[in-house]
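Peer 1: Work the whole structure out from these sequences, hints included.
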Amino acid sequence: MHSAVVHLHGSIVRFITAETGEAVSKDPGPIVPELKELYWSFGSFVVFALLMRFFLFPKLKKGMEARYQGIQSAHAAADAERAAARAEVADYEAQLAAIKAEAAREVEAARNTLETERQAKLAEVNARLAQQRAAAAAEAQAERDAARDQIHAAVSDVAGLAGELATGRRPSPEVVTRVVSEVMAR
Amino acid sequence: MEAFSYVAAATGLTGEEAKAAQAASSAGFAYGLAAIGPGIGIGYLVGKSVEAMARQPEAAGMVRTTMFLGIAFTEALALIGFVVFILIGL
Amino acid sequence: MIAESFEFPEINAILRWQDIFVSFNKIALIAVAAAVIGIVVFLLAGRKDASVAPKGVRNLAEVSVEFIEDGIVMQTMGKSGLGWTPFLLSLFVFIYLCNVPGIIPLIQMPATARMAIPMFLALLVWVIYNGVGLKHQGIKYITHTIWPPGVPVALKPLVGVIEFISNIIVRPFSLTVRLFANMLAGHILLVTFALLTQALITAETMQFLLKPMAVLPFGMLVFLTAFEVLVAFLQAYIFTILTAVYIGGAAHPEH
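Residue numbers (the working numbering), protein chains in the order written: chain A, 65 to 250; chain B, 4 to 93; chain C, 182 to 436.
Some hints here could point you the wrong way.
What the hints assert, rightly or not - Only pairs whose alpha carbons sit at most 30 Å apart, straight line, appear in this in silico DSSO-like list of lysine-lysine:
(1) A:Lys126 <-> C:Lys316
(2) C:Lys236 <-> A:Lys126
(3) A:Lys123 <-> C:Lys236
(4) C:Lys260 <-> B:Lys51
(5) A:Lys125 <-> C:Lys260
(6) C:Lys260 <-> C:Lys236
(7) C:Lys229 <-> A:Lys125
(8) C:Lys260 <-> A:Lys123
(9) C:Lys260 <-> C:Lys229
(10) C:Lys337 <-> A:Lys125
(11) C:Lys260 <-> C:Lys337
(12) C:Lys337 <-> C:Lys316
(13) C:Lys316 <-> A:Lys123
(14) A:Lys126 <-> C:Lys260
(15) C:Lys337 <-> C:Lys321
(16) A:Lys123 <-> C:Lys337
(17) A:Lys126 <-> C:Lys229
(18) C:Lys316 <-> A:Lys125
(19) C:Lys316 <-> C:Lys260
Calculated directly from the structure, the hints in this document are not laboratory data.
Peer 2: As structure tokens, then:
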């Protein structure tokens, strides 16, 4: 037990102190490789490199690649989702446009119907007005004709009487009428 | 180095000691001379690389890699001088 | 005066370590610990649920993987080089974890400041990129390495020698020395300023003046430690990216 402790202590001391005093020799210069260092380091490096080549690195790389693949597929999924959402939006917009067109068409149709109705009503009213105006005009004409006839008759009477009084002979009524008509037409 | 042998003779050093003193002084000269060329070379190289990187920042990675390679090759000369210094001086 | 009492230690006294047990010293311990820490971190990271957003140790591991893939492999080798990610990742993590003890208090020894680790890593990289070149281009790799396409016949001997030296000898050498010397220089700097601080604090003459002055090297020590954090990362990065460049160049010479 005690010797083991001494041995351990000796190892630690040897670890933290370089060769000193008598132990230092100039002989193997600092450039010359030491065989023991050479084979210890060669062995450890070769073990490390072989483990790295056949075991450690492939495992790590596989995990990394799996994760990259996962990230890539997640990206692809996200892209697909985005495209789907875009398509949906486009679809919705197309529907909206269709509905808007439909509404516009209906409004147009209603406006057209109203317009025709208005035109029809307007025409009807105009027709009625024209009719009434025509009737009134006919009536007025008739009255005017009647008044004229009366005036004609009266004037003819007056003229006949006046002629009779002047000549002592009664002028023929045809002549009187013709003369009166000519005068009145003038 | 001549001067050192005179100094050695004047100070009464033995032949062996005079030789060591000469070796030490020439080691210092060896390293100093070996450091001049690579010093200029590395300075020029890094300066040009920085210029290239500033002019074309998108090529900085490639320029840096090549710069390190160039430094490594240039520096080897100074390091050989250092090894010679170790070999003959210490 | 300080100059008399202050003496920089032998270089080996700050670099060589006693055996903890037979042939296993601090450098070996750091190297083994670096590998074990790397394995444990990636093991824990691999066991966490991969489907949720990463955090903690898994985040650390994934950031390092992406750093290697985007910052190193894609920049130098392109998509066809992604198969090299595990090797480059372990290279980067191992070098970084070997560099970082240089700034951890009480450990303060970068394992890469010894020649062993940089050298065997550079040799390993050398073997790998030459192997890759031979595998991808066959025998043409050797001729292309020695004579790049488009070289006039008259120049072939000269270019051949230069290219052979630069591709086969200088590359691993500079790869080794770059890492080793950077970390060693950083370690020596830290040791220097730590020793200066200690020398000023324990000064025996003019204590009222010298003791407060210890703040100056200590401040420098803190600053250099922060700088070494950057260097530890940068050297691991540069070693890895140069490896990637060499392997990529051997596999696809047209790049």
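Peer 1: Does the structure keep Lys123 (chain A) and Lys337 (chain C) at a Cα separation of 30 Å or less?
Peer 2: Not OK: Lys123 (chain A) and Lys337 (chain C) at ~49 Å, beyond 30 Å, violated.
Peer 1: Between Lys260 (chain C) and Lys229 (chain C), is the straight-line Cα distance small enough, at 30 Å or below?
Peer 2: holds, 28 Å
Peer 1: Going straight from one Cα to the other, do Lys260 (chain C) and Lys123 (chain A) come out at no more than 30 Å?
Peer 2: holds, 20 Å
Peer 1: Mind checking the alpha carbons of Lys337 (chain C) and Lys125 (chain A) for me, to see if they're no more than 30 Å apart?
Peer 2: violated, 46 Å
Peer 1: Given the proposed pairing of Lys125 (chain A) with Lys260 (chain C), does the C-alpha separation stay at or below 30 Å?
Peer 2: The hint holds at about 16 Å.
Peer 1: Need the status of pair Lys316 (chain C), Lys125 (chain A): alpha-carbon distance at most 30 Å?
Peer 2: holds, 27 Å
Peer 1: Check the hint pairing Lys126 (chain A) with Lys260 (chain C) against an upper bound of 30 Å on the C-alpha distance.
Peer 2: Holds - the C-alpha atoms of Lys260 (chain C) and Lys126 (chain A) are around 18 Å apart, at most 30 Å.
Peer 1: Checking one constraint from the list: CA of Lys126 (chain A) to CA of Lys316 (chain C), max 30 Å. Satisfied?
Peer 2: holds, 28 Å
Peer 1: Verify the proposed pairing of Lys229 (chain C) with Lys125 (chain A), using a straight-line Cα cut of 30 Å.
Peer 2: Given that 30 Å is the threshold and the Cα spacing comes to 12 Å, the pair holds.
Peer 1: Does Lys316 (chain C) pair with Lys123 (chain A) here, judged by a C-alpha cut-off of 30 Å?
Peer 2: Since the Cα atoms of Lys316 (chain C) and Lys123 (chain A) sit roughly 28 Å apart, the hinted pair holds (cutoff 30 Å).
Peer 1: Are Lys260 (chain C) and Lys51 (chain B) close enough, with their CA atoms no more than 30 Å apart?
Peer 2: holds, 29 Å
Peer 1: Check the hint pairing Lys260 (chain C) with Lys337 (chain C) against an upper bound of 30 Å on the C-alpha distance.
Peer 2: Outside the cut-off at roughly 34 Å; violated.
Going down the numbered hints, you'll see the structure goes against 10, 11 and 16, while the others check out.
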